[in-house]
Amino acid sequence: MPIAARLTDVHKTYQVGEVEVPALRGVDVEIEEGEFVSFAGPSGSGKTTLLNLLGALDVPTRGTVEVGGRATAGLSPATLADFRNRHLGFVFQTFNLIPVLTALENVEFPLQLLGIKEAAERRRRVEALLEEVGLAGLGDRRPSELSGGQQQRVAVARALIKEPTLVLADEPTANLDSGTALEIITLMKEMNARRGTTFIFSTHDRLVMEHARRLIRLRDGRIEDEERRGGDGDGV
Amino acid sequence: MTAMESETGHLGLTLKAAFRLAWRNLARSRRRTWITASTVALAVLLLQLVISVIIDLERQSFDNLIDYQTAHAKVFAAGYYGEREEFPLDRVLGDPARVRAVIAEVAGVAATTPRLSFSAQLSDGSEQLPVTGIGIDLQGSDADVFRIPQAVVAGTYLQPGEDGLLLGADLAKLFPVAVGDWLTVLAKTRGGAYEALDLPVTGLISTGNPLIDGTALMLPLDTAERMLDMEGMVTEVAVRFRPSAREVATLTRLRRRLEEVPGMDVRSWKEIEESFIALTQMKRTGQTVFLSLFVLMALVGITNTILMATFERTREIGALMAIGLRPAGVRRLFLAEGAMTGLAGGVLGSLLALGLIGWLATKGIDFSAMFGDMDIGYPVSNVVYPALKVFWMLGVMAITAVLATLAALYPAARASRLDPAEALRHV
Numbered sequence: 017m018p019i020a021a022r023l024t025d026v027h028k029t030y031q032v033g034e035v036e037v038p039a040l041r042g043v044d045v046e047i048e049e050g051e052f053v054s055f056a057g058p059s060g061s062g063k064t065t066l067l068n069l070l071g072a073l074d075v076p077t078r079g080t081v082e083v084g085g086r087a088t089a090g091l092s093p094a095t096l097a098d099f100r101n102r103h104l105g106f107v108f109q110t111f112n113l114i115p116v117l118t119a120l121e122n123v124e125f126p127l128q129l130l131g132i133k134e135a136a137e138r139r140r141r142v143e144a145l146l147e148e149v150g151l152a153g154l155g156d157r158r159p160s161e162l163s164g165g166q167q168q169r170v171a172v173a174r175a176l177i178k179e180p181t182l183v184l185a186d187e188p189t190a191n192l193d194s195g196t197a198l199e200i201i202t203l204m205k206e207m208n209a210r211r212g213t214t215f216i217f218s219t220h221d222r223l224v225m226e227h228a229r230r231l232i233r234l235r236d237g238r239i240e241d242e243e244r245r246g247g248d249g250d251g252v
Numbered sequence: 041m042t043a044m045e046s047e048t049g050h051l052g053l054t055l056k057a058a059f060r061l062a063w064r065n066l067a068r069s070r071r072r073t074w075i076t077a078s079t080v081a082l083a084v085l086l087l088q089l090v091i092s093v094i095i096d097l098e099r100q101s102f103d104n105l106i107d108y109q110t111a112h113a114k115v116f117a118a119g120y121y122g123e124r125e126e127f128p129l130d131r132v133l134g135d136p137a138r139v140r141a142v143i144a145e146v147a148g149v150a151a152t153t154p155r156l157s158f159s160a161q162l163s164d165g166s167e168q169l170p171v172t173g174i175g176i177d178l179q180g181s182d183a184d185v186f187r188i189p190q191a192v193v194a195g196t197y198l199q200p201g202e203d204g205l206l207l208g209a210d211l212a213k214l215f216p217v218a219v220g221d222w223l224t225v226l227a228k229t230r231g232g233a234y235e236a237l238d239l240p241v242t243g244l245i246s247t248g249n250p251l252i253d254g255t256a257l258m259l260p261l262d263t264a265e266r267m268l269d270m271e272g273m274v275t276e277v278a279v280r281f282r283p284s285a286r287e288v289a290t291l292t293r294l295r296r297r298l299e300e301v302p303g304m305d306v307r308s309w310k311e312i313e314e315s316f317i318a319l320t321q322m323k324r325t326g327q328t329v330f331l332s333l334f335v336l337m338a339l340v341g342i343t344n345t346i347l348m349a350t351f352e353r354t355r356e357i358g359a360l361m362a363i364g365l366r367p368a369g370v371r372r373l374f375l376a377e378g379a380m381t382g383l384a385g386g387v388l389g390s391l392l393a394l395g396l397i398g399w400l401a402t403k404g405i406d407f408s409a410m411f412g413d414m415d416i417g418y419p420v421s422n423v424v425y426p427a428l429k430v431f432w433m434l435g436v437m438a439i440t441a442v443l444a445t446l447a448a449l450y451p452a453a454r455a456s457r458l459d460p461a462e463a464l465r466h467v
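Protein chains in written order, with this note's numbering: chain A, 17 to 252; chain B, 41 to 467.
Looking at chain B on its own, in the form it has when it is part of the complex (with noise of 0.2 Å):
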């Protein structure tokens, strides 16, 4: 033996010989390989679709939460948000017009409005249900910031100066009223007095949102404040920010200039939403966890492949380790393999997926042909445009390599822990 090869040492196969033997018998049983890795870059299609078709749920989801519910963020009156769902109508703002005209100085903030939020039932007669009502400004300012008149299916809009009811579709059904029919909305005013008003049903809106499409009635502000004998007051002023805006930063801005009103309380639609957020991230979560039981599947293909491999190859794996091939050497070549017929079905299902997305993109899936009205956990309208993100596809297929590579560990540990004379044997 020479001096050098004792000074160097013997480092078994390297990663790159080994990435390039596994090639190159991946290559000599192409079809086997080409049919394995279909069956990952199937799975691993299918993955990404729906991983992209619940991106834009959850996109959907929150831009409805903010057209039509949240805004990008609410001003309450200290001590408002934490009883929120009591609607406590001592707990108001007094001068919405001032906290408008501070929050409108702040940069980032596109438009404002106020609304006066309260409980009630509303009945026809001889149904009655319980609602939330909400009273909207006319004044063109709830229209700057919420997205009702674009979700009105059946009448007009509310017109100012009228008075009239506009009702979620959902509930119209319950009664079920139309367009024109008269409806008496009861409610607690401030005082604690029962009130009760008739107002004809102007409009219905269907946002997708199920607490707006099923639960709500909006009447014109001022009609609100009357009947809860509230003048001049509001239990929210709902703030929308430039599309271009940079939210956090923009809600640190509106916060800091806040400070000036004393009394003031500024949540954003995520913490207004945390626990539909929380909700939607556990959703996501049990979906991928459940789809990447196909990947999952798929890659018990490879434990098949490479497996059937170690047999063939038993006298092979004898002759290299005969040569001095460790069996750690052994071990790392068969998961070389495993985890390059993964990549290849990741790149391959992520490449399918990127076709199949894009397309998607501009075409749109109609959800509404699928699953008609039925409830999908989001509320979202029909239509559903898939949309990409480099981060889960990057990772898909990283995660799919790194699954691949433990497919291939039992039998790649089972080839290295053959024995070398035996193996040698093997016919």
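So that you can see chain A by itself, here it is in the shape it has in the complex (with noise of 0.2 Å):
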């Protein structure tokens, strides 16, 4: 399988005042396309740091970073913005779904910046997309006027529409109770089966984890160990 992104050697240093906080020490890693990938640890493991670099929104300290066979360093904000437009989704724990625009329009939205003038040819895709992740009639309600499984459905099918390189999703579940939580990895695995969409997800959440296909165990900055599962991995 082709690699959606690659790790090599990868450091990150925070300088917090005068002392600099290693955040990874040196992570190698290959992620194919298609894979279900999360990456799991305790606070301060380097998890979301490492969804950063792979989402572009930093850059590491030393070594390099390829996403889609390019690598994010030395690149302008501009550049990294619109590299993070074509070929990164991004799903949050906060959910960050842009409260004045309706759940139709924060899908829409990312469309309208990779130029696709064409309202009606936008509209047909977001309610789709809309459709398949469940919320069909619900596309023109505001966030606010959605639950936060339904809000983290709409952000979901806000990092598919523009059917990006990889999907980074930093703990996706952390603010919903386990049952919509596992309702939201369900429909995160649905898509990347029936989509091929690379999906990366980092959690603490042992029963989310145990959906991935792929888990990768940080500690202190480090990959401590990996662990890949047959089949469709929908957990033990």
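If you are wondering where the hints come from, they were derived from the structure by calculation, not from laboratory data.
Being a predicted model, the structure only gives us computed values, none of them experimental.
Some hints could be false.
Claimed, not checked - Residues from chain B that face chain A, not an exhaustive set, calculated with beta carbons under 7 Å:
{"hint": "1", "residue": "A57"}
{"hint": "2", "residue": "R64"}
{"hint": "3", "residue": "A137"}
{"hint": "4", "residue": "A141"}
{"hint": "5", "residue": "A359"}
{"hint": "6", "residue": "A362"}
{"hint": "7", "residue": "I363"}
{"hint": "8", "residue": "G364"}
{"hint": "9", "residue": "A461"}
Glycine included, every Cβ here is placed at the ideal spot set by N, Cα and C.
Dock chain to chain to rebuild the complex, using the hints, since each chain is given by itself in its own frame.
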């Protein structure tokens, strides 16, 4: 399978005042297209840093990050933004939908940024995807009129609408009750299976991580161990 | 990615999308937006009101000059105009009747009148003051061109066949003299001899024009001619245009027509009062700039409001950046919010101004109640009728929106420089 993302000897150090805080201390990992991968580990293990680097939201202090065969180092903020727009989808712990836009408009927004001018074409794609994520008929609602689970479904749709190389989800279930969390992780899995989109998510929730087909455990900024599951990896 | 997407390319946030988002975000903090826009509106209202007053002050000033001092144009003998402040009585019009006859045929001309201006001293026996003497034609023609009869505030206008003086009201106060008092006019004749003439004050005039009210005395033209030994001669022929006539075109026709009378020099009121008009324009610019400071201060409110919005929406900005909004797109978003707040304030202030100016335009503002006899720097009467000029009104609105956009520049630039990862961590 082609490589969706590759991290080679990635180090990331944050400067907090005069103190240097290492967040990643040499991470090597390759993610193939179509994988459903989870980074797991306790707080401070480097999960979010890793996702930020993969998401071109941050650059490594040392080492290289490649997404879709392209290194993210040395790119200008505008180029990085374009890169994220074309190749990456994000699902956040706190949903981070734009509160003044309806569900439909939130999902449509990345398409506008992509420069798809025909509103009818955008709407057609958005409505089809909203139906696919189980939000048919809720497109006119604003985030404040949706439940947490529904908001996260909108976020998943927003991440998927541009058919990205990678969808990155940082603790996508942490703000949801366990039943809703399971629904969201199941939805992500379905989308991975149906569309072949690569998903990388972080979690410290044992129940959620059980659903990953590949589980990479992090501790103190290093990969502690890695586990590949056969079959559809739908938990134990 | 589909082929279509890669072909259309990334355009970032379109202006339309930015304004739509900005509109919704402004509606989200309705109270804050309202307060900020209201502050701008108040400043704009003040600016529009003062501009409308200035417009009328200028109009009244110019009307005043035409009505009491310059008419629409004056015809002099060649060589007089350049030295007019010296009153060169050797460069005069020898045949004013012919000049007037020629001018009367020019389309657009309503009336003409001859005048004889000279330098004089006025004395009540103990005080002596320098004045400008003006001999005026009492056979109806001066009153056809100038509005002196309407400016008489005490006594009466000069009557044909009667000798007397019309005195500027402020000049009268300096002696002081009243209607019926006698004064001595001292002047050099055309030949250079001194001549004195005792005349009664028949009336006092108040025009609002300091030059007339403070330094002018008027006497019958034939009396002035006799006194200066200049029978049949005048220093100028003043011309009034018809109200419907186009000024520049009439002036051109007048000049062309007078080419047939050699040695004539036609000057429009704008030429005669060139320095006053320049001063008025400078004053208008100065006042507008000064008042714009109020608007600028109100616009600082926009800077503050947008800055607060960027703080509050830090995580949202991070999310937008993560989705792929370029820094320039973030900037555009907040600039649009600034522009819309400014435009809302500008439109609201202008609408309020429209109502207020409309009301004041019929009612008038009595400046005498505010300033008394104080010289406000414009030769006008005391009641001002604020006037509306669409150009100014739209101009102020447009400038307010542009300045509001500039006011949002700092917070917008700050937001666009946010690090998306840090912004997403913001609590």
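Exercise. Hint by hint, which ones does the structure fall short of?
Worked result: Hints 3, 4 are the ones this structure does not satisfy, whereas the remaining hints hold.
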